[in-house]
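Residues per chain, in single letters:
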Amino acid sequence: MAKQIIKVEHLEKYYQKDHILHDINFSIDQGEVVALLGPSGSGKSTLIRCLNGLEAYQKGTITFNGKQVEPTEKYWQQVRQKIGMVFQSYDLFPNLTVLDNILLGPVKVQHQSPKVAQASAEKLLDQVGLRDYEKAYPRQLSGGQKQRIAIVRALALKPELMLFDEVTASLDPEMVRGVLNIISKLAQDANMTMIVVTHEMNFAQQIADRVLFLEDGRILEQTKGDQFFKQPQTDRARAFLESMAF
Amino acid sequence: MSSWQIIQQSLPLFEKGFVLTLWLSFIGIIGSIIVGLICSLLKYFRVPILSKIAVIYVEVSRNTPLLVQLFFLYYAFPVLGFKLNAELCGIVGLIFLGGSYMAEGFSGGFDGVSKTQVETGKAIGLSQLQLARYVVFPQGLILSVPALAANMIFLIKETSIFTVIAIPEMTNTALDLIGMYYRSNEYLLMLVIGYALILIPLSLILTILEKRVRYGSFGN
Numbered sequence: 001m002a003k004q005i006i007k008v009e010h011l012e013k014y015y016q017k018d019h020i021l022h023d024i025n026f027s028i029d030q031g032e033v034v035a036l037l038g039p040s041g042s043g044k045s046t047l048i049r050c051l052n053g054l055e056a057y058q059k060g061t062i063t064f065n066g067k068q069v070e071p072t073e074k075y076w077q078q079v080r081q082k083i084g085m086v087f088q089s090y091d092l093f094p095n096l097t098v099l100d101n102i103l104l105g106p107v108k109v110q111h112q113s114p115k116v117a118q119a120s121a122e123k124l125l126d127q128v129g130l131r132d133y134e135k136a137y138p139r140q141l142s143g144g145q146k147q148r149i150a151i152v153r154a155l156a157l158k159p160e161l162m163l164f165d166e167v168t169a170s171l172d173p174e175m176v177r178g179v180l181n182i183i184s185k186l187a188q189d190a191n192m193t194m195i196v197v198t199h200e201m202n203f204a205q206q207i208a209d210r211v212l213f214l215e216d217g218r219i220l221e222q223t224k225g226d227q228f229f230k231q232p233q234t235d236r237a238r239a240f241l242e243s244m245a246f
Numbered sequence: 001m002s003s004w005q006i007i008q009q010s011l012p013l014f015e016k017g018f019v020l021t022l023w024l025s026f027i028g029i030i031g032s033i034i035v036g037l038i039c040s041l042l043k044y045f046r047v048p049i050l051s052k053i054a055v056i057y058v059e060v061s062r063n064t065p066l067l068v069q070l071f072f073l074y075y076a077f078p079v080l081g082f083k084l085n086a087e088l089c090g091i092v093g094l095i096f097l098g099g100s101y102m103a104e105g106f107s108g109g110f111d112g113v114s115k116t117q118v119e120t121g122k123a124i125g126l127s128q129l130q131l132a133r134y135v136v137f138p139q140g141l142i143l144s145v146p147a148l149a150a151n152m153i154f155l156i157k158e159t160s161i162f163t164v165i166a167i168p169e170m171t172n173t174a175l176d177l178i179g180m181y182y183r184s185n186e187y188l189l190m191l192v193i194g195y196a197l198i199l200i201p202l203s204l205i206l207t208i209l210e211k212r213v214r215y216g217s218f219g220n
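Line by line, the protein sequences are chains L and Z. Numbering-wise, full-length UniProt numbering puts 39 at position 39 of the first sequence, and it's gapless, one number per residue. Numbering-wise, full-length UniProt numbering puts 79 at position 79 of the second sequence, and it's gapless, one number per residue.
The shape of chain Z in the complex, shown without the other chains (with noise of 0.2 Å):
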């Protein structure tokens, strides 16, 4: 069979593969995005207790590899007790390294935020409250932007590790079929293909509104 043949004959499995990993990547950004604001806020505001502890699932989610967590997902949590099939794990799983890498991100944005910019908002009376809400946040989230978005991109390229818990996505499909058929070169190729095809116009809407935001609010 011609290498052209060969892609024909396999694009409907990949295309299966594509899909799910857009879909598990879409769940898993949007997942750590809450994760990630809920901890970057329990920190900004010092609540107690509970700032502690998203302080230390930080460090161990971010001093972890990926594939180590997802290890400890699907083998380790069983004999816990609890059994998840391996399409929630990897999104449980992506969701846990993710929130911290967002969390780390919104924190940035925040801590980013000038103090004479805190100083003035407290100046004219504003609590606590209105100064993150008025101040720090509208201000903090445009300064994190670049960091969310690298996380993004990030987290996309990290579902192909989902491969080792036998989730069928596109890189897991493409392995399959390297070993059925043997033909890396066309199964590799269109694997490139297939995340440049997530990747490229991810990252260049992102690059824009990056600008975008940026331009809109910047300039004291």
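Next up, chain L with everything else stripped away, as it sits in the complex (with noise of 0.2 Å):
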């Protein structure tokens, strides 16, 4: 059986009074890819989020590798090393040159020597073809391209768990394409593990071996990759396929 790598149990999450998530129970093994889906507001961002810190919660537990989190922003330092995040709005850091993006985290936080690090970045930079690139700014990037070095930089950390937040929906269109065949390439070739939240339905199909599929903060129904675009459990995530066109 393959290692479990995140478990999430009775999460709740409440922003002041609203409820935002409610009673979250999933888990996910090592290779798995799970796509995150729902209207917007359903709380995929919030959730996602809650699973490397950066939004608190006020019940439940997450347990990562085997060991439950402590909800300080302390321990929560530690686990982020073994997650990687790449956000909507890429964010690479505007000061430093794509390389020193790159490697702020290895060598900082992770303590390698700088010249590992460096050239597994530089293998990095190649696998998603932006060797060229390592000396630009990132004000000399194209959104695709720092969406492509974000992700290269959240993968530098040799991370066990990737979370992609709606990564693709900044990009014009002709940009997504390209930033989404990385992810795919790293699902199928690193088997990494990873939760994906997209509003790209024939890229969660193709991708996602277990879909989780949430509204009003609710996981309403947790069903494998294929079988929920062919046929959904329940009547919610049928409208809302629809209702994305698919």
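Watch out, some of these pointers could steer you wrong.
Said to hold, decoys possible - Below, in silico cross-link-like pairs of lysine-lysine (DSSO-like), each with a Cα-Cα straight-line distance of 27 Å or less:
(1) L/Lys-135 - L/Lys-108
(2) L/Lys-82 - L/Lys-59
(3) L/Lys-224 - L/Lys-3
(4) L/Lys-59 - L/Lys-3
(5) Z/Lys-16 - Z/Lys-115
(6) Z/Lys-157 - Z/Lys-83
(7) L/Lys-158 - Z/Lys-115
(8) Z/Lys-115 - L/Lys-74
(9) L/Lys-82 - L/Lys-123
(10) L/Lys-108 - Z/Lys-115
(11) Z/Lys-115 - L/Lys-135
(12) L/Lys-7 - L/Lys-158
(13) L/Lys-224 - L/Lys-82
(14) Z/Lys-52 - L/Lys-74
(15) L/Lys-67 - L/Lys-82
(16) L/Lys-7 - L/Lys-59
(17) L/Lys-59 - Z/Lys-115
(18) Z/Lys-115 - L/Lys-82
(19) L/Lys-17 - Z/Lys-115
(20) Z/Lys-83 - L/Lys-135
(21) L/Lys-7 - L/Lys-67
(22) L/Lys-158 - L/Lys-3
(23) L/Lys-3 - L/Lys-185
(24) L/Lys-158 - L/Lys-135
(25) L/Lys-82 - L/Lys-3
(26) L/Lys-123 - L/Lys-158
(27) L/Lys-74 - L/Lys-3
Keep in mind that the hints were calculated from the coordinates and are not lab data. Predicted model only: the values in this text are computed from it and were never measured.
Both chains come to you apart, so use the hints to assemble them.
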């Protein structure tokens, strides 16, 4: 049996009086790709952000690699080195070159030797076709290139779990494919465990081993990927897929 | 005497005032930047007690006029047993005032660094201190440059108030000369030119600097 990477039990999140997440339970095994789908405002982003401690939760537990996470900033800081996250807004650090953006985590946080870290960063840059840009500053790159660099920056820490939060939502349509291909390759070739929040249904279908369908902060269904897209269990999920013109 | 003669005759005295204004401004600005940076760091890292003191200081300093602060230093302090000479009073007063403005300038810059940048930094595992050093401060300092530049110009102009505690800076010199020779037009003109000679070049340099740093670091 595959090793369990992350397990979420009875997670509840409030934002002041608003109940954002209701009794969230799921677990993910090594190598599994989970798509987190649902209408806007259903809590997808909040949930994925809870998984690396960017949002506080009020009840429930998160277990990462068999150890229950203590909900303190200090503890999360350690855990985050093993969880890569990529955001919609890519947010490369504008004052650092591409290479320095990538090396910041490995060198300053994980204390890898700069030489070793640079060698593996360059390898990753090769894989995303941006080796020529290592000395460039973020402002010199297109949105798609920035997002690919952001993915490399997260991978440079050699994470055991990758979180993708609508990473193509702010890209021009012609840039989307390139970024999605990198994520697909990561799932297939590197067997990376990942959770993907996306509105790209074709991509989700192609990549997801399992779908968590969220609405109003509740997981309405957890279904195998191929099954979800052919035969969703709930009416709500069916309506959602129709609304996405899928 | 012709206007030209008047101007020539008082030029050496004026020069002294000019140099003193420059000198006091320079010390005042450097001191203000140091005090301001310390206060903004105390606030940023939420240092217990000290950050509260910094907040109180900023409020007191920003919400009282420099004139009153100077009177207090010059006339009330000696009663309490501290006697400072006029120039020291002026510098302390200017730093007391400027420190809070600079603190707000720095804090504004740090606060201006986008939340998503901070989250991204956290997501790659940076500690609080590393986050400050590699993400928030480099960007925040650049964001605070326009405010700091405006404060510098403001502080230089504020030195004219030193005249009330008899520091012979430029404004005081001009007022003295007017009192002695009744040639207001000439002396006021010299005064205006004196400040313009300091402030216009400085403000041009600061504008260029602002553009430089902005171009150097923005456009995520």
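Hint by hint, here is what the structure shows:
1. L/Lys-135 - L/Lys-108: holds (19 Å)
2. L/Lys-82 - L/Lys-59: holds (23 Å)
3. L/Lys-224 - L/Lys-3: Satisfied, since the Cα-Cα distance of roughly 18 Å is no more than 27 Å.
4. L/Lys-59 - L/Lys-3: Since the Cα atoms of L/Lys-59 and L/Lys-3 sit roughly 25 Å apart, the hinted pair holds (cutoff 27 Å).
5. Z/Lys-16 - Z/Lys-115: Given pair Z/Lys-16, Z/Lys-115 is violated - Cα atoms ~50 Å apart, limit 27 Å.
6. Z/Lys-157 - Z/Lys-83: holds (26 Å)
7. L/Lys-158 - Z/Lys-115: Given that 27 Å is the threshold and the Cα spacing comes to 25 Å, the pair holds.
8. Z/Lys-115 - L/Lys-74: holds (19 Å)
9. L/Lys-82 - L/Lys-123: Holds, at about 20 Å.
10. L/Lys-108 - Z/Lys-115: holds (21 Å)
11. Z/Lys-115 - L/Lys-135: holds (26 Å)
12. L/Lys-7 - L/Lys-158: holds (20 Å)
13. L/Lys-224 - L/Lys-82: holds (26 Å)
14. Z/Lys-52 - L/Lys-74: holds (24 Å)
15. L/Lys-67 - L/Lys-82: holds (13 Å)
16. L/Lys-7 - L/Lys-59: holds (14 Å)
17. L/Lys-59 - Z/Lys-115: holds (25 Å)
18. Z/Lys-115 - L/Lys-82: holds (22 Å)
19. L/Lys-17 - Z/Lys-115: holds (23 Å)
20. Z/Lys-83 - L/Lys-135: violated (58 Å)
21. L/Lys-7 - L/Lys-67: holds (10 Å)
22. L/Lys-158 - L/Lys-3: Distance ~17 Å between L/Lys-158 and L/Lys-3 Cα, so the pair holds.
23. L/Lys-3 - L/Lys-185: holds (21 Å)
24. L/Lys-158 - L/Lys-135: The given pair, whose Cα atoms are some 22 Å apart, holds under the 27 Å limit.
25. L/Lys-82 - L/Lys-3: holds (15 Å)
26. L/Lys-123 - L/Lys-158: Holds, at about 13 Å.
27. L/Lys-74 - L/Lys-3: Given pair L/Lys-74, L/Lys-3 holds - Cα atoms ~25 Å apart, limit 27 Å.
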